[in-house]
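The primary structure of each chain is shown beneath.
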Amino acid sequence: MKFVGRQFKKIDSSAITSGKPIYTDDLAAADALIVKVLRSPHAHAIIEEIDVSRAEAQPGVEIVLTHKDVPKTRFTLAGQSYPEPSPYDQLILDSKVRYVGDAVAIVAAQTETQAENALKRIKVTYKKLEPVLDFETAIDHPSIIHDEEVHFNLPQHVGGQDTKRNIMASYGFSFGEDIETTLADCDVTLERAYYMQAAAQSMMETFRSYTYLDARDRLCVITSTQVPFHIKRQLARALEMSPSKIRVIKPRIGGGFGAKQTSESEIYPAIVTLKTGKPAKIVYTRKETFSSSNSRHAMRITVRIGADRSGRIRAIDLHSLSDQGAYGHHGFTTVKLTGEKSIPLYNKLEAAKFSADVVYTNKLKAGAFRGYGATQGTFALESAINELADRLEIDPVDIRQMNIVQEGETTLAFDKLIESSKLDRCIETGAKMIGWHDKPRRRVMEDGTIRATGMAITMQGSGIANIDNATAIIKLNETGDLSLFISASDNGMGTDTVLVQLAAETLKVDPDEITLIAADTDLTPYDPGSYASSGAYVTGMAVVNACNDLKNKMTEMAAAYWNVPPAEVEQKDGAIYHKDTRLPFIDLGRILSVGPSGGTLVGTGSFGHPASPPPYMAGFADINYDPKTGLVKVVDYVGVVDCGTVINPALATVQAESGVVQGIGYALYEDVQYGPTGQLFTNNFLQYKIPTRPDIAQVRIAFEESYEPSGPYGAKSIGEVVINTSAPAIQSAIHAATGRYLYHLPMKPEAILFGEK
Amino acid sequence: MITLTVNGKVHQTEVDTNEVLIDTLRRLGYKSVKRGCETANCGLCTVLLDDKAILSCSLLSLRADGKHILTLEGVREEAKLLGGFLAEQGGEQCGYCTPGLMMNTIAMKRELVDPTDEEIAHYLMGNLCRCSGYVSQLRAIRQYLEV
Ligand code: FES
Ligand code: FES
Numbered sequence: 001m002k003f004v005g006r007q008f009k010k011i012d013s014s015a016i017t018s019g020k021p022i023y024t025d026d027l028a029a030a031d032a033l034i035v036k037v038l039r040s041p042h043a044h045a046i047i048e049e050i051d052v053s054r055a056e057a058q059p060g061v062e063i064v065l066t067h068k069d070v071p072k073t074r075f076t077l078a079g080q081s082y083p084e085p086s087p088y089d090q091l092i093l094d095s096k097v098r099y100v101g102d103a104v105a106i107v108a109a110q111t112e113t114q115a116e117n118a119l120k121r122i123k124v125t126y127k128k129l130e131p132v133l134d135f136e137t138a139i140d141h142p143s144i145i146h147d148e149e150v151h152f153n154l155p156q157h158v159g160g161q162d163t164k165r166n167i168m169a170s171y172g173f174s175f176g177e178d179i180e181t182t183l184a185d186c187d188v189t190l191e192r193a194y195y196m197q198a199a200a201q202s203m204m205e206t207f208r209s210y211t212y213l214d215a216r217d218r219l220c221v222i223t224s225t226q227v228p229f230h231i232k233r234q235l236a237r238a239l240e241m242s243p244s245k246i247r248v249i250k251p252r253i254g255g256g257f258g259a260k261q262t263s264e265s266e267i268y269p270a271i272v273t274l275k276t277g278k279p280a281k282i283v284y285t286r287k288e289t290f291s292s293s294n295s296r297h298a299m300r301i302t303v304r305i306g307a308d309r310s311g312r313i314r315a316i317d318l319h320s321l322s323d324q325g326a327y328g329h330h331g332f333t334t335v336k337l338t339g340e341k342s343i344p345l346y347n348k349l350e351a352a353k354f355s356a357d358v359v360y361t362n363k364l365k366a367g368a369f370r371g372y373g374a375t376q377g378t379f380a381l382e383s384a385i386n387e388l389a390d391r392l393e394i395d396p397v398d399i400r401q402m403n404i405v406q407e408g409e410t411t412l413a414f415d416k417l418i419e420s421s422k423l424d425r426c427i428e429t430g431a432k433m434i435g436w437h438d439k440p441r442r443r444v445m446e447d448g449t450i451r452a453t454g455m456a457i458t459m460q461g462s463g464i465a466n467i468d469n470a471t472a473i474i475k476l477n478e479t480g481d482l483s484l485f486i487s488a489s490d491n492g493m494g495t496d497t498v499l500v501q502l503a504a505e506t507l508k509v510d511p512d513e514i515t516l517i518a519a520d521t522d523l524t525p526y527d528p529g530s531y532a533s534s535g536a537y538v539t540g541m542a543v544v545n546a547c548n549d550l551k552n553k554m555t556e557m558a559a560a561y562w563n564v565p566p567a568e569v570e571q572k573d574g575a576i577y578h579k580d581t582r583l584p585f586i587d588l589g590r591i592l593s594v595g596p597s598g599g600t601l602v603g604t605g606s607f608g609h610p611a612s613p614p615p616y617m618a619g620f621a622d623i624n625y626d627p628k629t630g631l632v633k634v635v636d637y638v639g640v641v642d643c644g645t646v647i648n649p650a651l652a653t654v655q656a657e658s659g660v661v662q663g664i665g666y667a668l669y670e671d672v673q674y675g676p677t678g679q680l681f682t683n684n685f686l687q688y689k690i691p692t693r694p695d696i697a698q699v700r701i702a703f704e705e706s707y708e709p710s711g712p713y714g715a716k717s718i719g720e721v722v723i724n725t726s727a728p729a730i731q732s733a734i735h736a737a738t739g740r741y742l743y744h745l746p747m748k749p750e751a752i753l754f755g756e757k
Numbered sequence: 001m002i003t004l005t006v007n008g009k010v011h012q013t014e015v016d017t018n019e020v021l022i023d024t025l026r027r028l029g030y031k032s033v034k035r036g037c038e039t040a041n042c043g044l045c046t047v048l049l050d051d052k053a054i055l056s057c058s059l060l061s062l063r064a065d066g067k068h069i070l071t072l073e074g075v076r077e078e079a080k081l082l083g084g085f086l087a088e089q090g091g092e093q094c095g096y097c098t099p100g101l102m103m104n105t106i107a108m109k110r111e112l113v114d115p116t117d118e119e120i121a122h123y124l125m126g127n128l129c130r131c132s133g134y135v136s137q138l139r140a141i142r143q144y145l146e147v
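The listed protein sequences correspond, in order, to chains P and G. For reference, each letter of the first sequence is one residue, going 1 to 757 in the working numbering. For reference, each letter of the second sequence is one residue, going 1 to 147 in the working numbering.
Pulled out of the complex, with its shape left as it was, chain G reads as follows (with noise of 0.2 Å):
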């Protein structure tokens, strides 16, 4: 049994000891959170665990036990913000890539001080997206970090 906050909610459940936190959080019904690889590569699965950004996929669920997880269903203000810059641009294409790009663009806000273009491509280059082509991403987030 662990201890779980999700999006200031206390959940109280059993794991499996391989058991990872994707599963958990899907399980608990977190549906945005997504998987996209095995291998942590794509970032779909990202999450903010005690506000740093976390692949949810390479966690075991036993290590969380105690922390606080934000997922996007918990940030509805810089998710509405954020998301409108994307849904402007047309960056949320199949959008299967934007719960976990959202996820750690938000954490890149609150970490980094006027990023250049660079920055910002390193910081999130682990979020993968197959059909924006990034560039309307960018757009997007240039304008999230500017407001």
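Isolated chain P (complex conformation) (with noise of 0.2 Å):
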């Protein structure tokens, strides 16, 4: 192959590496409006009166809304396909609060200064309510957070939701037999129970969105997201407004993490610029970003196994219990992928069962991260079974390679035909650069301290199966060059590069002869948007199928230009031929813009899958751990992929380290902290403690390339599953290290030292 599997910049290297202007806050016009919104001070409260006239009466002060000004229609902002399974459970400004940093009210004015100065003026009297903080008790609080009526899109059957107890969402499946009588016949059991934290998604650019009024007074809304489409559609619902009025266009996006698949900021100019027709612009502090959008589902996950004594893992049971916080985005599914994507790791199980609980509390909304659900998942189930191994004496990399999912199995669990897996050698070959079976798991080193390995494995899947789908478009100009229309809404990751790649491939043709438009509702065909670990493998496939479409209309416009017969016609090198003839796309281009017979050539193409291949990865720590402060550093980190074909190795490699470092974030020191009134206290850079570059030391990738014969020549995700390992692997590296098993993240050195509360 002559792009993919190539090494190949991203499209637009040049553009970031010289510092252009093409970010949303770049483009937003001078005059803007300044928006800022008014947060609530209380977790829990009713508004009984609030007064914006000393506002409204501050210069430069353009309007001033709250409850009572806005539509009255309930909606979800969590960017999901329609019908969405998270409830319509918010209103752009409600009555009622319900966390701290909630929204209050709006005011736009001509300067940030002024309309700081107009947040202060407004003056609001609240009825405190008790709120719900833990969510482990939150369940029949006497606090009930959602008491107006909720719709849900899913039927209580299948959600379970009951919002007059708490629950949003509460449902479970099992496989097999049945699991108590399993359990009950296992030589050995183990039940833990794990706490992941909340965790701050923390991309670098803050949420922003800019919006003004087109010559046909449509909205246009040049905004920081994940999900242009899902903004279209859901800002038309809740501003009761046509979506034939509305364009979203996504500029470059400096990261999401999931973050930005949730619409948190784009209401608010849009709402200033349609009642004042100006246009307008929010930008998110740090700390609004932390306290005002969402974070990472904190979770308790109960994980049951029964093996036997040889090693052979018979039964899981994994009950999660999920913390949404204030409103339901995401809640129903992210929960699911803690049982969907790790049990079917494991596939010598008689018996598996799932349940989940999802609970509303008064604190910032949940919604997705990187992982989805997975990650928690993945730190529950990898934790027991290497404790279940230490248990058994059986090494944790053996205890994998009896038990994995096999190529070619359908898994007990979930119910997955797996029709590309090469997770037995990202085992093997990730064992063998770590030196697993060279040296012991613990190593006491001269100055003291201990060196020590542990290890996990994940899996996650490659879009979501029968529900996204993705077009994409290739036009052939008149000057013989093309244009790839995709919305696939790269947001850092480099998928607009890789969909270029597999154009090129598909069409034989200079990458540079490509010309990608991307992710604006006008122009742009219709993706769910930049998650599920979608991008290369569904919108991949969909530009692979629209490139072979095209391909096909060339040839015959070539061989009927000929008079030839389409079978002798072949397409290379940015040309058609035959035989010896050759006749280059501009060419073909002239010739199509001339005369009745012309016109201009279209390829589309779409994509959407029944199944969700997922991607595989075996992550091995080797740490250093100080046993006079409790430090744990992880000096080297081993993570060997099965992503399928590698498109971009270089794009993947980096895609790799980087879920790598986040997931030490998460395993040692990231930790989204509320106080007793629930007030956020990690609301900056300082509290909330991401990876920096002293931190970080080693981090060695591999590929084992499986062949996916779904997806774009042979290619599935890698976007996601290289987040999950990091926590286990870590986890296991401390307990050979210290002889303790911790359940709770982040693994905190008073933890590790003294012992968990």
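The reader is advised that the hints may include incorrect statements.
Said to hold, decoys possible - Taking lysine-lysine pairs in the DSS-like style, the calculated list, with each CA pair at most 30 Å apart, reads:
| no. | chain 1 | residue 1 | chain 2 | residue 2 |
| --- | --- | --- | --- | --- |
| 1 | P | K633 | P | K2 |
| 2 | G | K52 | P | K287 |
| 3 | P | K20 | G | K52 |
| 4 | G | K109 | P | K689 |
| 5 | P | K123 | P | K9 |
| 6 | G | K80 | P | K20 |
| 7 | P | K68 | P | K20 |
| 8 | P | K20 | G | K9 |
| 9 | P | K748 | P | K689 |
| 10 | G | K67 | P | K20 |
| 11 | P | K68 | P | K2 |
| 12 | P | K689 | G | K52 |
| 13 | P | K2 | P | K748 |
| 14 | P | K128 | P | K96 |
| 15 | P | K475 | P | K551 |
| 16 | P | K287 | P | K127 |
| 17 | P | K68 | P | K275 |
| 18 | P | K508 | P | K439 |
| 19 | P | K20 | P | K287 |
| 20 | P | K123 | P | K275 |
| 21 | P | K748 | P | K287 |
| 22 | P | K20 | G | K109 |
| 23 | P | K275 | P | K287 |
| 24 | G | K52 | G | K9 |
| 25 | G | K109 | P | K633 |
| 26 | P | K633 | P | K287 |
| 27 | G | K109 | P | K9 |
Everything labelled a hint here was simulated from the structure, so no lab data went into it.
Hey, can you piece these two chains together into the complex? The hints should help.
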């Protein structure tokens, strides 16, 4: 292959590395109104009175909006395909606030200072209500967070919602034999509860959106998002207007990691622009991004496993309790992945069960974060498997090799036909790279510190089975070059580049001949957006299909022009060939641009799939532990990934490195913390520690490529699977070093030294 | 009214007493300068002031009066070189941290002789990146230091 699997720089790399103005705020008009939001100081309260007269009288203030001024249709801002599995449980502004940081009023002024001054002059009288802060006691708590009528698209027997009991979702599945009978029959059983904290996505570009009315008075929204099409649909609902009057454009995005799969900021400037007719923008502060957007779902996962003495795992039961926070974004779906993307790793099972409860609390709403529940599920299950292996005195590597799913099998849990897997090779290669069998797992160093190793495996998906579908359009221009229209919503990982590589490969043209037009609801075809690890796989396959469609049309055209059978016509090197006659694309374009038999050739292709082929990974941590301080540093991390065919080696490697490092942060330091009244403590980078350069030593990535028959040139996804192994591999290394099993994330020095409370 | 020389171009501009340099620079059109925090933790806003790397979010514009400032827009040759290495490694992911990182790396190259990986990590510690996991950027920076 000429372009797939080859070294290929990002198509926008020179714009990025020369500092071009390509991000949302760089594009906003200088005279855009500055929009600010007044945030609730209370976790749970009714707004009894709100007086904005002094704010409105401030110089430069254009408009002040409260719950009295906004439409009364409830909606969700979770970026999901319609009908969204997230409940319609919010308003633009409500008379009730449900977490510290919830929106109370919107102000727009000419300058930032004026807007801030106006915020200070809004007088609100609250009636405080008892907040629900502990997710383990949320069900049937005397305080009901959503006592209004909430619309759910999912029928009650599927979602199990019961808002009067603070239950956002509740459901379960069983596979194979009866779980209780099988567990009772096992030689060894283990039951453990694991606690995974909320975590902040912490993309470097905070939320921001810019809105204006175009020449036909349509609302244009330029916004830092992963889901432009969902935003268009949801804005139309929330603002009670026709979608035909809305255009959403995604420019270059400064990271998302799932945070921008929820439309946090768009609605505020949008309503200001609609009411004033003026351009408006909002740029979230870092503090607002921490305290008024979304974070990973905190969870408690209870694992029960049973095995026979030889190490064959016979039964797995997982129950997940998920802290949804104030609004139900991504609640039903995230928790599902805790089971669906962990249990099917193991396939000698006779019985499997998964059940989940998702509860509302008066905290920051949870949302999507890379890994989307699989990260939490992997920590719980993999930690339990490691502990089981220790109990059975079996090497963690061996217990995996004995029990993992193999290519060609159908999994007992969740019934997945696995058409591609090199997970066994990932484990083998990773073990070799880290020297698993060449050294003891615990080594005391000369300086008294301890080196120790640990490992874990994981899986994810590639797109959402039976739901995601994307379309791509490619057009042969009169000048012989090509325009590719897609909406995969690259937010930094390089999807756009990979799609151009796939198009170049399929059409056998120089990638420079292809111009990418991306993610503009007026111009580009529907795509759910950048989430569920769908870019390279779902949109990628749509691109391949579109290019094949164009290829057929071009060969037919050329065959007709030469009056030869299409089967004798071939396409390569930016031209059409019949034997030795060559017709370059530019000549074909010219021919097509003149006369009655001409016309622009457009190829279209779509792709959706009934399965979501899992990528796999094995992760190995080598840590240095200081028994004096309890500090853990990951000195070497080996990740071996099966993402099917690697389309772009450098970008895939960076995806894996990046996931491993975010996973290290989740394992060791990142911790969203609340005070006793629901105040978020960790609202800046001093309090909320993401990994910095000195924290990260060696990260080594390798690939074991399988071939996924349904994917573009055999590819699966890579974006999310890579975050999942760090925490359980480090947990296992900490146990090897200290003899202590930790059941709470993050694993802080105090807990490592003195045990968990 | 203050006078700033930005990338060799002289600007005379009115600033508020509490205005910080990043806002003045962005207003003057130097949009490569990015903001990622309010607590001087992220390094995205790094520019060179009289050849020293500074956080432009933490300097009052009044204090920059009469000074020479370099932003990424003004270092074409070095940006091309370093940017090329970053792109080869895929270390410019979302790219939002890239201008600040590049400016600080350029300052580091002028200041440190033959730094070790640890010295590089410490020098650039204040430049957060959430996308890359840092190691690809280190590979690129190593290549850049060697030319
Ligand atoms: S903006 Fe974060 S350090 Fe300047
Ligand atoms: S590349 Fe996105 S923050 Fe560094």
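Hints and how they fare:
no., hint, verdict
1, K633/P <-> K2/P, "violated, 41 Å"
2, K52/G <-> K287/P, "holds, 28 Å"
3, K20/P <-> K52/G, "holds, 23 Å"
4, K109/G <-> K689/P, "holds, 27 Å"
5, K123/P <-> K9/P, "violated, 54 Å"
6, K80/G <-> K20/P, "holds, 13 Å"
7, K68/P <-> K20/P, "violated, 42 Å"
8, K20/P <-> K9/G, "holds, 18 Å"
9, K748/P <-> K689/P, "holds, 12 Å"
10, K67/G <-> K20/P, "holds, 24 Å"
11, K68/P <-> K2/P, "violated, 60 Å"
12, K689/P <-> K52/G, "holds, 27 Å"
13, K2/P <-> K748/P, "violated, 48 Å"
14, K128/P <-> K96/P, "holds, 10 Å"
15, K475/P <-> K551/P, "holds, 11 Å"
16, K287/P <-> K127/P, "holds, 25 Å"
17, K68/P <-> K275/P, "holds, 14 Å"
18, K508/P <-> K439/P, "violated, 49 Å"
19, K20/P <-> K287/P, "holds, 26 Å"
20, K123/P <-> K275/P, "holds, 22 Å"
21, K748/P <-> K287/P, "holds, 24 Å"
22, K20/P <-> K109/G, "holds, 23 Å"
23, K275/P <-> K287/P, "holds, 27 Å"
24, K52/G <-> K9/G, "holds, 18 Å"
25, K109/G <-> K633/P, "holds, 28 Å"
26, K633/P <-> K287/P, "holds, 28 Å"
27, K109/G <-> K9/P, "holds, 24 Å"
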